[in-house]
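Use the sequences and the hints to build the structure in full.
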Amino acid sequence: MVHHLILLSSGRSGTHLHQTMMRNGLEKAVVLGELFNPSSPFGLEAQTPDFIAMLEEESGIEVDPGKARALANFFRDDPVFMLSALARVCDRLGQDYLCYSILPKQLAGRSIEDILFRFDCSCTFLTRPRFARYVSLVKARQLGAWKWVDTTSLKPEITMEGFLEDARATDDWFQFLSERALTAGLDVRHLSYGADLNQPARTAFYSLQRKYEGICELSAFDFSLIPDFKQEREADPFRSIGNGEHMRDALHQASLLDYAFAEPAVFSADGYV
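Under this note's numbering, the sequence shown has 818 at position 243, and the numbering climbs by one with no breaks.
Warning: the hint list may mix true and false statements.
Restraint-style ranges between C-beta atoms, simulated for each label pair [stated by the list, open to error]: (1) Ser-728 / Ile-790: 39 to 45 angstroms; (2) Asp-652 / His-821: 40 to 46 angstroms; (3) Arg-663 / Ala-720: 31 to 37 angstroms; (4) Asp-689 / Thr-778: 32 to 38 angstroms; (5) Glu-637 / Asp-824: 52 to 58 angstroms; (6) Trp-721 / Leu-757: 26 to 32 angstroms; (7) Arg-667 / Asp-824: 58 to 64 angstroms; (8) Pro-640 / Asp-671: 20 to 26 angstroms; (9) Gly-641 / Pro-802: 24 to 30 angstroms.
Here are the computed lysine-lysine pairs in the BS3-like style, where the Cα-Cα straight-line distance is at most 25 angstroms [claimed, not checked]: (10) Lys-786 / Lys-730; (11) Lys-680 / Lys-642; (12) Lys-786 / Lys-805; (13) Lys-642 / Lys-722; (14) Lys-805 / Lys-730; (15) Lys-805 / Lys-722.
No wet-lab data here; the hints were simulated from the structure. Computed from a predicted model, the values in this text were never measured in an experiment. In this text, a Cβ means the ideal position worked out from N, Cα and C, and glycines have one as well.
Dropping the structure here:
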């Protein structure tokens, strides 16, 4: 039976880098992306024609990556059915792992619970400091570009209200899902964008290797396959926006600077981390 490796994270937290390393370092695995993104089930477009044909047989639907939005609706309307079909394809191909990611607002909480309780799976939560992630999110939305685009020169102005609304909703999402994962008896791991992924490729890979110990075994690969590219070259998020000093002062006055620079809490068997 295929094991589901589920990455639960919020946008702009390094999910693409994580999946790229899993794709290169994990054998006998089908590594996909945001299967439940409303615009497209990312990762299917890179699969072979044989894989797509098998998925059509197992699901009974037309799997045409060219009709991305219609296909996305199938995945979002009945995620357990589509994941079951994908798992059967993996079994037919002799693959041991099915890897995919889920981000906030892509599926209702009940649908994610169904996945956690239905399949043989483990969950990895990937978090990033709240304020830096929000700044990156605002820039990506303004540009309409989510990877391989330099956003350093873009200096948007953001509001306290927008930041806190996003941060608190993301906090609630991580807390709810990490508690549900433990209730389901799943193995829960936590990755930090700052401590684990925002590193040279080799260092980041070894962090993943340690974090997945006991779940799966990752093998080293040619790390030059991972582009040395940062979408944001400015390390200080306040220097990345047009009203940075104002936001810094506002967060300080509200005693929220530490909160802004911290990552969302994830509940593990040992407590919140």
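Taking the hints in turn, this is what the structure says about them:
no. : hint                                  : in the structure
1   : Ser-728 / Ile-790: 39 to 45 angstroms : holds, 40 angstroms
2   : Asp-652 / His-821: 40 to 46 angstroms : holds, 44 angstroms
3   : Arg-663 / Ala-720: 31 to 37 angstroms : holds, 35 angstroms
4   : Asp-689 / Thr-778: 32 to 38 angstroms : holds, 36 angstroms
5   : Glu-637 / Asp-824: 52 to 58 angstroms : holds, 55 angstroms
6   : Trp-721 / Leu-757: 26 to 32 angstroms : holds, 31 angstroms
7   : Arg-667 / Asp-824: 58 to 64 angstroms : holds, 59 angstroms
8   : Pro-640 / Asp-671: 20 to 26 angstroms : holds, 24 angstroms
9   : Gly-641 / Pro-802: 24 to 30 angstroms : holds, 27 angstroms
10  : Lys-786 / Lys-730                     : violated, 35 angstroms
11  : Lys-680 / Lys-642                     : holds, 21 angstroms
12  : Lys-786 / Lys-805                     : holds, 23 angstroms
13  : Lys-642 / Lys-722                     : holds, 22 angstroms
14  : Lys-805 / Lys-730                     : holds, 16 angstroms
15  : Lys-805 / Lys-722                     : holds, 9 angstroms
Going down the numbered hints, you'll see the structure goes against just number 10.
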